[in-house]
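Start from the sequences, fold in the hints, and give me the full structure.
Per numbering that gives the first Met the number 0, the sequence shown starts with residue 0, numbered consecutively.
Keep in mind the hints are simulated off the structure, nothing from the lab. The beta carbon of each residue, even a glycine, is placed where N, CA and C say it ideally should be. Hints may be right or wrong, so weigh each one.
With a straight-line cut-off of 25 Å between C-alpha atoms, the simulated DSS-like cross-links for lysine-lysine are [stated by the list, open to error]:
1. K12 <-> K32
2. K55 <-> K31
3. K25 <-> K12
4. K12 <-> K31
5. K32 <-> K55
6. K55 <-> K25
7. K55 <-> K12
Each pair of labels, with its calculated beta carbon distance range [as the list claims (entries may be wrong)]:
8. S158 <-> V205: 31 to 39 Å
9. Y198 <-> V140: 17 to 25 Å
10. T167 <-> D219: 48 to 56 Å
11. E157 <-> Y288: 46 to 54 Å
12. V205 <-> E17: 27 to 35 Å
13. S143 <-> K12: 48 to 56 Å
14. A134 <-> I202: 54 to 62 Å
15. S62 <-> A166: 57 to 65 Å
16. F237 <-> T161: 36 to 44 Å
17. T201 <-> L233: 32 to 40 Å
18. I332 <-> A163: 55 to 63 Å
19. A307 <-> I217: 25 to 33 Å
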Amino acid sequence: MSGANSWLQRQRKTDLTELAQHTGLKNYESLKKPELELALDEYLAENSSTFSSDPKLANYYSSRARTVGSPVKKDADGPIEKLKVARRRATKAAEEIAAPPESEDEPTSTSTAVARTPGRALSLASRIPLPATPADVAEAVDRSTVAVRTRVASLYKESGITEATHATRESLSTVTSVLFAISAFELYFLRPEILADRYAFTIPAVAFLGTKDFPVFIPDMFLLLTASFWSPALLWAFTSTILPSIAGYFVNLTVGAPTHGRVTRRSAPPQDSVVDPLTFSIAKALISYVVYGQGITFGGWIDETSIARINTAIYGGYKGVLTGTAITGIFSIYDAVLKK
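Okay, structure coming up:
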């Protein structure tokens, strides 16, 4: 190939680089402009079946069709004129001889058709989209896969799932979160006992979805006005939260704990806890064992019925409460060891 396509020669190098990226040309970064023109011309000519319908390359293929068709037309014009001159001479000679050579017209028309056919054939062949080769199909699939993978990665990054996951893990990785989780577990089993569910309405069956009638129950909020709710609720609050918190506040082993070595900004001692979780767990275990395990009413201050209801409602009874305090106590010791 003596030179690149004229349309490619008129483009700037930045435009040629964009075309190379658009068509998937490889190893073009180190090429100079003339070399890039030749590489693009060869690549687009070989893959005309893939890119001939691309609007960005319509001017290129139009220029290529004119370039391919024009030399043939020029070559075809010369023989046509010669053949016409030869035919005129043959006609004059035939008139003198009075025997018209009809056989000479047939080669002339045949030669003219042959001379004009290559240009039209090449021009027509360049415009007909050929079926894609397996390599073209594989390359298109690779481009689509990369585009989909990039889009999915960008959507995942923009969704903030990673940041939310890290924030949730950091919030739950504390002794306080473990204390709240165990208290919520106890309250989950205690709520149906002190605030029973009451029938509200029924969701009718949907034949299209194949569902049945579904009765809906909601907590009976009128029980908040009775002693049946407040007596066990206050007892559980005092034994599981209020009294252990008071004990953990005044008997706080983290307050004034000595620090060893030189204190810097990076090695600054952790902040003291308002309530010592270890003291909280020990106090809750003792109070729960005395009240729920031994049934001590402290001279009638505690209702025996409330003790029985709580001991029956909570999972495992008072032993389940003691198991929860043992778990929080182990977490407290482990957290203290890590901070030291």
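So, going through the hints one by one against the coordinates:
1. K12 <-> K32: This hinted pair holds, its Cα atoms lying about 6 Å apart.
2. K55 <-> K31: Holds, because 22 Å separates the two Cα atoms, which is no more than 25 Å.
3. K25 <-> K12: At roughly 16 Å apart (the allowed maximum being 25 Å), K12 and K25 satisfy the hint.
4. K12 <-> K31: holds, 8 Å
5. K32 <-> K55: Roughly 19 Å separates the two Cα atoms, so the pair holds.
6. K55 <-> K25: Holds - the C-alpha atoms of K25 and K55 are around 19 Å apart, at most 25 Å.
7. K55 <-> K12: Holds, at roughly 16 Å.
8. S158 <-> V205: 31 to 39 Å: holds, 33 Å
9. Y198 <-> V140: 17 to 25 Å: Violated, at about 59 Å.
10. T167 <-> D219: 48 to 56 Å: violated, 34 Å
11. E157 <-> Y288: 46 to 54 Å: Between E157 and Y288, where Cβ atoms are some 53 Å apart, the hint holds.
12. V205 <-> E17: 27 to 35 Å: violated, 56 Å
13. S143 <-> K12: 48 to 56 Å: violated, 28 Å
14. A134 <-> I202: 54 to 62 Å: holds, 59 Å
15. S62 <-> A166: 57 to 65 Å: Since the Cβ atoms of S62 and A166 sit about 59 Å apart, the hinted range of 57 to 65 Å holds.
16. F237 <-> T161: 36 to 44 Å: holds, 42 Å
17. T201 <-> L233: 32 to 40 Å: holds, 35 Å
18. I332 <-> A163: 55 to 63 Å: Once the Cβ atoms are compared, 30 Å apart, the range 55 to 63 Å for A163 and I332 is violated.
19. A307 <-> I217: 25 to 33 Å: holds, 26 Å
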